Amino acid sequence: MTSYERSIAAIEHKSVDRFPIISLGVDYAFYNEFMEEIGFTPEEVKQYATDGILTGPPWSHGVNVKLGVDIDWTSMRARQHYDHETHQILDTFGGIDKVVVNDSGIPHLWYVKPFLTSKEKIKDWWNLGRPKPYTNAMIKPLVKIMQTLIDKYQMLSMIGLPGPWENLHMSIGMAQVAKFCRKDQRFLEEILEKNFEVQGDGLERIMKLGNPPVVMCGDDYGFNQGLQMPIKYWRQFIKPILKRYVEIVHSYGSKFLLHSCGSIGDIFSDLIEIGVEGVESLQPTINDLVTLKHKYGDKIALLGTIDDTNLLVRGTTEHVWSEVTNSVKLLGKESGYLPGATNTLLNAKVSNVKTMIEAIQSMNPQYVI
Amino acid sequence: MTYLEDIPALIYTMLYTHNKDGRLRKATEHKKLSILFDFPDFPPAALLKIQNGNYEVLSVENPEGISADAIIKGNFEDIVELSGGFGRGISLLLTGKVKIKGLLKAITLLKILGEKEVL
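Order-wise, the sequence lines are chains A and B. When the letters of the first sequence are read in order and numbered with our numbering, they come out as residues 64 to 432. When the letters of the second sequence are read in order and numbered with our numbering, they come out as residues 12 to 130.
Since the hints were derived computationally from the structure, they do not count as laboratory data. On a predicted model such as this, the values are computed, not experimentally measured, just so you know. Check before you lean on any hint, since a few could be wrong.
[Said to hold, decoys possible] Stretch-level coverage of chain A by chain B, calculated; a stretch enters the list once three of its residues show a Cβ under 8 Å from a Cβ in chain B:
no.: 1; stretch: 98-104
no.: 2; stretch: 146-152
no.: 3; stretch: 159-169
Cβ atoms here follow ideal geometry from the backbone N, Cα and C, with glycine treated the same way.
Extracted from the complex, chain A is given alone in its bound form (with noise of 0.2 Å):
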């Protein structure tokens, strides 16, 4: 099987000659890393260059392909401005972006707070005329990558962009957001409509220009002990939104995978109900992947699970190896499992990634029960 059949095959529970493996992406620092440990020989970069793949972090298809993973990610940047009063650069929902270079030269770009600290300023962001839509030309040259690594590399690569609920809340804040769940709902929904319709509009465009085979979106929903929002709200506001998602990408015949980070196991069923073909990230220090796989996993495919935030920065070879297999061992039966870093790879050793890979590629999905 090729990346590309084999990952396709997993998402729709079919067997599998081994377990695809996915990555998000990298940041700079783990970029630096990998080059300084591996990088790339003079040929591949001339290559890579000359198939507009050599692309800088955090989507860095270069290093994914020179890695050998099956599956990538493009999640494409909303529109930004700048505010020359206050010398800030803007997405064009209304958070504030941030680029520094630290000490030992390694560059850093940052979503920092909320803009739109009240609905003043909210309405006055509207009256500028923004959100603005994406444009063709933002889109193409991402759609001609994802093509190029179909079609040359045979991986999946997927597009998406941000859901509803990151878009809410980086541009106005958790307050406020509290504060119109409580009091003033339709407020909040103008404000998720105005949003939704720069990003249907956008994610349209993605499906007519590209007709990725699969998107995903990220929003993250959770933190460490649970749903950054509650439930029944999540339901109320976030919910149909989603589903609008869903329901774009399913009408070009599409698959709509989800990345999240935090614990959402309390979401998974609504996940499957609006159509949510697989579900990315779950940290396996915070979600019971066990008992997520016995209850839905022939439902929705699980991708991730591999933890990022401490097994891949401290841990070592051995421990790697034995909790990666694991993983596979438990999340892996009657396929559906796509393992991986559970995020972008920040400052995980080059060396666990490579382990990692390896642990899974060693494993055959025949004897995995």
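Following the hints, put chain B in place on chain A, whose structure we already have.
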């Protein structure tokens, strides 16, 4: 290395992977190039220096009087609005929204970066 943020950090980051994977060295092995990025609405300015395949970026609080092979000056807000994001449209530096002194040298930078990789 000195801590950088904002425009100097953006310029540094744009060239980071090209430096690490050897494309910068290959393109500038026997070249010397300096470019000042001066966006008065988003200080500080950034001075990019490339020499024999290596690069550095300096944060410049007062860009007046700084000499460089090329000087790119304009309104940062315009550039971001036109391109949808700073890293997305370095070629927009060559539109009428910004003034460029030393155009050929500035084009050298674009050739190094290559549109495919500037996402």
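Of all the hints given earlier, name the ones this structure violates by number, lowest first.
none
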